Amino acid sequence: MAPIKLLVGIPTLNRADQLKNTLHSILRNTVLPQKIIIVDQSENEKTKHIVNYFREKLNIEYLNVNYKGLTKARNEILSYAKDFDVVTFLDDDVELDKNYFEEIVKAFQEDKNLAGCQGFIENQGGIKGFLFRLAEGMPLTGSPKVTNCFVNTYPFFPPSRPVISEWLSGCNMSYRVDYIEKEKFNENFILYGLGEDLEFSYRLFVSGKRLLMLPSARLKHIPSGLKRLPSRVAVMMRLAYRRYMIAKYRSQVDMLFQEYVEWCRRTFRIHRIVRPQLWKSMMKTIEEVLNELKSHFDMIDKGDLNSVNSLILKEVSM
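Here UniProt numbering is used: the first residue of the sequence shown is 1, the next is one more, and so on.
Please note: incorrect hints may appear among the correct ones.
With a Cα cut of at most 20 Å, we get these calculated EDC-like pairs of lysine to aspartate or glutamate [claimed, not checked]:
id, residue 1, residue 2
1, 5, 122
2, 68, 315
3, 145, 122
4, 209, 166
Now the in silico label distances, taken between C-beta atoms and shown as ranges [said to hold, decoys possible]:
id, residue 1, residue 2, range
5, 231, 75, 24 to 32 Å
6, 273, 307, 15 to 23 Å
7, 34, 266, 25 to 33 Å
8, 307, 2, 29 to 37 Å
9, 110, 82, 17 to 25 Å
10, 123, 27, 17 to 25 Å
11, 208, 43, 17 to 25 Å
12, 147, 42, 30 to 38 Å
Note that these hints are calculated values from the structure, not bench results. Computed from a predicted model, the values in this text were never measured in an experiment. We put the CB at the ideal spot given by N, CA and C, even for glycine.
Generate the whole structure from the sequences, applying the supplied hints.
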């Protein structure tokens, strides 16, 4: 089999310690990428110092940029991908199993029709996620799917074999470069772009591209504990961008969006007993955000996120 030239791209923002752990896990892999691109949006030089340490052992290109935005950083990585066969996007806070890249490369070598794949996140969900799935009657196994109201599902337990995936998680998603050479991440998903990975990968899936989850490519996604945005802004982004996707790919937009909102409310149901004040606060935030977004629905449904993004940026600056 012909060797696969692998590019790894990691956008990062003020997470030098987490990035250090991620790079250590890459270094421990049985197969190493030909190149790693770090797109650093940090406000200090800590990340640069970490990268310089690893440059003796890994082929790293460091890009220090003066913008903030996950989708813009991903597109910058794509601009370097034309000389490679596969590009893998990683979050800066993942820990890869030592065979992770070996399994990714093998999948692309053995399946010439494979456009993209992801590994299995071993620590996703936790006990709260497990209980929520049981309460909702959601399957604990199976394949990643996108429901009618654009809830993106993920198996709690790994499948026994590679399975078709309707979307890929942005913390670890790999694409065959030839299949995405005309694609870009949607830069209208601003800041850390909640749902940008879903929008990009589902766009490929509905166009007929083959996407897989590989249970043999394991990793952990380690939450950093750093709040990217206030919860109000995060709720605003989640609801606005999800409505955008519903309007783009579905009919009966109002009905399906309401179903998605109800699903969001139910995700906090476990807090109603154990953390009632948090539950009340989140229910209030959802209602307030919905009221603010209503005047932007027409523009969102037409695929125009400019007005709602102005609202999001205004909230961030407050």
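Against the structure, the hints:
1. 5 - 122: Outside the cut-off at roughly 27 Å; violated.
2. 68 - 315: Cα-Cα ~16 Å, so holds.
3. 145 - 122: Cα-Cα ~18 Å, so holds.
4. 209 - 166: Distance of about 10 Å is within 20 Å: holds.
5. 231 - 75: 24 to 32 Å: 28 Å, holds
6. 273 - 307: 15 to 23 Å: 38 Å, violated
7. 34 - 266: 25 to 33 Å: 45 Å, violated
8. 307 - 2: 29 to 37 Å: This hint is violated: roughly 48 Å between Cβ atoms.
9. 110 - 82: 17 to 25 Å: 24 Å, holds
10. 123 - 27: 17 to 25 Å: The hinted range 17 to 25 Å holds for residue 123 and residue 27, with Cβ atoms some 21 Å apart.
11. 208 - 43: 17 to 25 Å: 42 Å, violated
12. 147 - 42: 30 to 38 Å: 36 Å, holds
Figure legend: structure checked against the earlier numbered hints; hints not met, in rising order: 1, 6, 7, 8, 11.
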